[in-house]
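Protein chains in written order, with our numbering: chain Y, 34 to 212; chain R, 205 to 642.
Keep in mind that the hints were calculated from the coordinates and are not lab data.
A hint or two may mislead.
A few chain Y residues facing chain R, derived, Cβ under 10 Å [unchecked claim]: (1) Q52; (2) I57; (3) V60; (4) D64; (5) G79; (6) K106; (7) C110; (8) S112; (9) H116; (10) G145.
Non-contacting residues of chain R with respect to chain Y, defined by C-beta distances greater than 12 Å in every case (computed) [what the hints assert, rightly or not]: (11) H297; (12) D350; (13) R401; (14) G406; (15) G407; (16) K431; (17) N539; (18) I547.
Simulated pairs of lysine-lysine, DSS-like, Cα-Cα distance not exceeding 27 Å [said to hold, decoys possible]: (19) Y:K74 with R:K460; (20) R:K222 with R:K460; (21) R:K481 with Y:K106; (22) R:K249 with Y:K70; (23) Y:K70 with R:K277; (24) R:K481 with Y:K74; (25) Y:K106 with R:K460.
Here the structure is a predicted model, which means the values were calculated and not measured.
Note that beta-carbon positions come from the ideal geometry of N, C-alpha and C, so glycine has one too.
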Amino acid sequence: MDKIRGKAYVVGDNIDTDQIIPAIHLVYRTDIEEEAKNYGKYAMSGMDPSAVKKTFIEGDRYESDYTIMISGKNFGCGSSREHAPLALDKAGIKAVVAESYARIFYRNSVDGGFLIPYESKDRLIDEIKTGDEIEITGNLLKNITADKEYILGELGDIEGIITAGGIFNYAVQNGFISK
Amino acid sequence: MTIVEKILADRSNKDQVKPGDNIWVDVDILMTHDVCGPGTMGIFKGNFGEDARVWDKGKIVLIPDHYIFTKDKYAMRNIDYVTKFAKEQEIVHFYEPFTDDYKGVCHVALAEEGHNKPGDVLFGTDSHTCTSGAFGQFASGIGNTDAGFIMGTGKLWVRVPESIKFQFEGEFPSYIMGKDVVLQTIKDIGFDGGTYRCMEYGGDAVSGLNMEERMTICNMAIEAGGKCGIIAADEITKKYLEERGVTDYQIHNSDKDAVYHSVHTYDAGKIIPVVAKPYSPGNVEPAENLSHIEVTRSYIGSCTGGKTTDFVAAAKILKGEKVKIETFIVPATRNVERNFEKIRIGGETLKEIFENAGCKIGPPSCAACLGGPEDTFGRTHADEVVISTTNRNFHGRMGSMDSKVYLASPYTAAASALTGKITDPRKYIKKIEVEIDG
Numbered sequence: 034m035d036k037i038r039g040k041a042y043v044v045g046d047n048i049d050t051d052q053i054i055p056a057i058h059l060v061y062r063t064d065i066e067e068e069a070k071n072y073g074k075y076a077m078s079g080m081d082p083s084a085v086k087k088t089f090i091e092g093d094r095y096e097s098d099y100t101i102m103i104s105g106k107n108f109g110c111g112s113s114r115e116h117a118p119l120a121l122d123k124a125g126i127k128a129v130v131a132e133s134y135a136r137i138f139y140r141n142s143v144d145g146g147f148l149i150p151y152e153s154k155d156r157l158i159d160e161i162k163t164g165d166e167i168e169i170t171g172n173l174l175k176n177i178t179a180d181k182e183y184i185l186g187e188l189g190d191i192e193g194i195i196t197a198g199g200i201f202n203y204a205v206q207n208g209f210i211s212k
Numbered sequence: 205m206t207i208v209e210k211i212l213a214d215r216s217n218k219d220q221v222k223p224g225d226n227i228w229v230d231v232d233i234l235m236t237h238d239v240c241g242p243g244t245m246g247i248f249k250g251n252f253g254e255d256a257r258v259w260d261k262g263k264i265v266l267i268p269d270h271y272i273f274t275k276d277k278y279a280m281r282n283i284d285y286v287t288k289f290a291k292e293q294e295i296v297h298f299y300e301p302f303t304d305d306y307k308g309v310c311h312v313a314l315a316e317e318g319h320n321k322p323g324d325v326l327f328g329t330d331s332h333t334c335t336s337g338a339f340g341q342f343a344s345g346i347g348n349t350d351a352g353f354i355m356g357t358g359k360l361w362v363r364v365p366e367s368i369k370f371q372f373e374g375e376f377p378s379y380i381m382g383k384d385v386v387l388q389t390i391k392d393i394g395f396d397g398g399t400y401r402c403m404e405y406g407g408d409a410v411s412g413l414n415m416e417e418r419m420t421i422c423n424m425a426i427e428a429g430g431k432c433g434i435i436a437a438d439e440i441t442k443k444y445l446e447e448r449g450v451t452d453y454q455i456h457n458s459d460k461d462a463v464y465h466s467v468h469t470y471d472a473g474k475i476i477p478v479v480a481k482p483y484s485p486g487n488v489e490p491a492e493n494l495s496h497i498e499v500t501r502s503y504i505g506s507c508t509g510g511k512t513t514d515f516v517a518a519a520k521i522l523k524g525e526k527v528k529i530e531t532f533i534v535p536a537t538r539n540v541e542r543n544f545e546k547i548r549i550g551g552e553t554l555k556e557i558f559e560n561a562g563c564k565i566g567p568p569s570c571a572a573c574l575g576g577p578e579d580t581f582g583r584t585h586a587d588e589v590v591i592s593t594t595n596r597n598f599h600g601r602m603g604s605m606d607s608k609v610y611l612a613s614p615y616t617a618a619a620s621a622l623t624g625k626i627t628d629p630r631k632y633i634k635k636i637e638v639e640i641d642g
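Next up, chain R with everything else stripped away, as it sits in the complex:
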């Protein structure tokens, strides 16, 4: 069996399962946020009763993150709604906005706060819930009705997915990030090539990546239609968990004779920086072929591109330079934001590097990744052409229907910020190879 088949068998109390089986699984964690939380809670109450209690107040993780820093009355109403529900139900893991408990983007906060565990089943009311697959767990996005059902029962029906294996042999070059890796694989199987399937990433090159880079890869499994992405837990995973006091989990590995839908093997050293053109994350081309495309804005942030590793990468390129176009920096979480002042390159903090380069730094949240209310930090309002580290470039995704979004790694987004055109980061290879201090 594959990793995912083993997890789903375990959580449905079966010796084995096979792709296509419809099974009921026990859920370890249900995650919801401010956009889909109120709907989920309404469905829960509508079906189980106004006075019903959730199935397990310790297994629901509530992380408002999408529309926080806005004056929009509806967004604020949503926050009031989930706050009231969390208090009434005594939800143990509620990260309340405008207090010291506020974290930021849910998928990154889940990892940072130790809610991700190998072997677990995690569902979330956000399509990028697949991010948590980086920890060797089954993690998938669902809608409000399914989430409301879990809230009351702790169970959900699942069709066991077949898996596609992506094997990266060797080592990634220094200028390659998780974003390049996942965009390349989405191109190779097609924008809907992962539909109903698990995308399993492995090989020495993937084992060499830190947890944040692995999260970037799993985050975008949904952009190929994937039900989940997964990377087997290893020593790097264990160390990340240990630092957060997490020790009780079960590591699964795919059997040597596991059956896959298909296997794609890559020479990691030959991967090159790529960019997804409007209006699909599968519309991928080498960055070097797009050097004629003028961009008016660079945006570095989101669950896929706003982690500490992403900003260290961007800072290496931006250090000692001035951006040529408006450049937005949005840390995914407060923890990432704190690292802006802790991590130094050549004597300067990340924050100083960004400020000196002329970037605009926003508060931790989803911000303009999905448009949002009119006053959202970094939202497009006209015909902006954005090079962005986010995960979707659908029509009107970042706000304005007249804007265009190109998806790329933080290296490529930062390099393009300096030139005003889509720029292959290999142009700045010497900067990329600089070590961070201490």
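The shape of chain Y in the complex, shown without the other chains:
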């Protein structure tokens, strides 16, 4: 797995798919780049404004300054909309580190090849601050800003699908389908 480095964006527990990308924005085509970038623009726009300390995306931009999302429990709960991991991907998020995930979001992230969903036993939302510089290598997370290290859960069975870049490439590589 390649090294991932960038700024952290810290959110709370139970971040649902309506917060990640509200239903009103599900109308853009994902296969036309000019339209698909709107998913980046509106990523995390469903967050309760009173709970947001720093805006995820400033102004009219389509990409965020943040690369790694740090969350508590049950990240991605709610809808099956694959637009949720896609929106984070378009916004520039490479990995989410959460205490736990909702099943469909986790699956969509991996099978669609959008981002890496790491699990952490530590409650990192109490340890890491939005804007901290983070580096993930294998299952080691370094908070460079605070000079601290944490061990993340192993990716296990899904690592092959992530490395392949999604379920289609994985299936081709393993002879399930031909291309």
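Chain R: place on chain Y using the hints.
Chain R only, in chain Y's frame:
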């Protein structure tokens, strides 16, 4: 083995499977709709080629339902896209909007049209696909990529879930609906207590429920994070299927020595009406504790709360009364809408009862359950406080970020419509116990 383990073993050609196993299963039905259909079809074509054919044109069920009655140009583009695809691929079960084939909300239409079968594996690009578990089948929501993969191969990898058993002994009181039952269990295991797990419902009280009430319970398994909900098929299931000409299926029951993650046993007679407060379906309290909460709108509709049983319940409470707050009625399907004119209580049709009470009746679709385009029927635009029979009350779910949604049964939503405050339906117990005509 549990029911789900037996189905997944059967569909992966194995003698047995156990929770945690990663297996490839053969899919019986793939369901998709207007929101996720275009993405799924794009992924299918992108990976299998522009001229590729779907794995089985008779096993894909295409039911546009989310954004139908709107002028939104993107919503209409989605409908054009799926229509073109359905025709090009000769999809057998395509329920085309703006024609006589249009049905309405996918999960309810699947049941009504005989697409749900005990023992089947059904995947759908909608998290509430778990609704179909009410028929003793494995039914689960997936994303566009997984659906595109199935479209080309008819297969998908699945991690076998462990099961949580909810056993309801005795009989539910007359004022209790499927919605109260499922909200209570979500509260008990927590908003993420069902994650990666199957939620299996059983016991005499559950066996006493009709198929629509069972669907309400399975519909909300995802609201506890569940991979699926399931209720063993029985005589009531068989009768429902027989009425739709469905006879070829296999009924599985959990073994007596099946291993569960946990078992929760309830005295059904002690269940009371409950409400989920903003902003989580797991934030559940007895309705009687919330009588101080003022509501500005009542909304009765959706896959979980817009079936015929739901409107019969609402009509019993609303009959001969006037609503105090604006009240939206959205039948899930055209079949439900037709029942508005067929079913009578005390000489009046459901439609007459709703109209005389001052309700606004919309066309069958998902409508404002998930917000939708600005012109969506029943969508919130300001700081509305809604008592709703839908299944999610996330921030901004029904449209406006400033509105609040409380989830409840049709009895509670109708009772609250009459008072303007959250109202325990036991206040109207005499109305609840009235029989419908004929």
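We went through each hint and held it up to the structure:
Taking 10 Å as the C-beta contact cut-off toward chain R, the hint placing Y:Q52 at the interface holds, the least distance being around 6 Å. The interface hint given for Y:I57 is met, as the beta carbon of that residue sits about 6 Å from the closest beta carbon of chain R, less than 10 Å. Interface hint at Y:V60: satisfied, since its Cβ lies 3 Å from the closest Cβ of chain R, which is below the 10 Å cut-off. Interface hint status for Y:D64: upheld, as the beta-carbon distance to the closest one in chain R is roughly 5 Å, under 10 Å.
At about 5 Å, the closest approach between the beta carbon of Y:G79 and any beta carbon in chain R falls short of 10 Å, and the interface hint on this residue holds. A least Cβ separation of about 6 Å between Y:K106 and chain R falls short of the 10 Å threshold, and the interface hint therefore holds. The beta carbon of Y:C110 is positioned within 10 Å of a beta carbon in chain R (closest approach about 6 Å), and the interface hint is therefore held. Interface hint at Y:S112: satisfied, since its Cβ lies 5 Å from the closest Cβ of chain R, which is below the 10 Å cut-off.
At its closest, the beta carbon of Y:H116 sits 8 Å from a beta carbon of chain R; the interface hint therefore holds under the 10 Å criterion. With a cut of 10 Å, the hint placing Y:G145 at the interface with chain R holds, because the nearest CB-to-CB distance is about 4 Å. For R:H297, the requirement that its beta carbon stay farther than 12 Å from each beta carbon of chain Y is met, with the minimum near 20 Å. Its beta-carbon lying about 5 Å from the closest one in chain Y, R:D350 breaks the requirement of being farther than 12 Å from that chain.
Residue placement check: R:R401 does not keep its beta carbon more than 12 Å from all beta carbons of chain Y (closest about 9 Å). Non-interface status of R:G406 relative to chain Y is upheld: no Cβ of that chain comes within 12 Å, the nearest being about 23 Å off. Consistency note on R:G407: stated as away from chain Y, and its beta-carbon is indeed over 12 Å from all of that chain's, at 26 Å minimum. Residue-level check failed: R:K431 sits 6 Å from the nearest beta carbon of chain Y, not beyond 12 Å.
Annotated as non-interface, R:N539 keeps its C-beta farther than 12 Å from every C-beta of chain Y; the closest such distance is 25 Å. Separation of R:I547 from chain Y is adequate, the least Cβ-Cβ distance of about 32 Å exceeding the 12 Å criterion. For the proposed pair Y:K74 and R:K460, the alpha carbon gap of about 53 Å is over 27 Å, so the pair is violated. Proximity of R:K222 to R:K460 is assessed by CA-CA distance (about 16 Å); at most 27 Å being required, the pair is judged to hold.
Taking the CA atoms of R:K481 and Y:K106, the gap is about 20 Å. The hint holds against a cut of 27 Å. For the given pair, R:K249 sits about 21 Å from Y:K70 by alpha-carbon distance, which is consistent with the 27 Å threshold. Of the pairs offered as hints, the one joining Y:K70 and R:K277 holds, with about 18 Å between alpha carbons and a cut-off of 27 Å not exceeded. Between the alpha carbons of R:K481 and Y:K74 the distance comes to roughly 30 Å, so the proposed pair goes past 27 Å and is violated.
Distance hint between Y:K106 and R:K460 is unfulfilled; the C-alpha atoms sit about 34 Å from each other, more than 27 Å.
In terms of the numbered hints stated before, the structure departs from hints 12, 13, 16, 19, 24 and 25, listed from lowest to highest.
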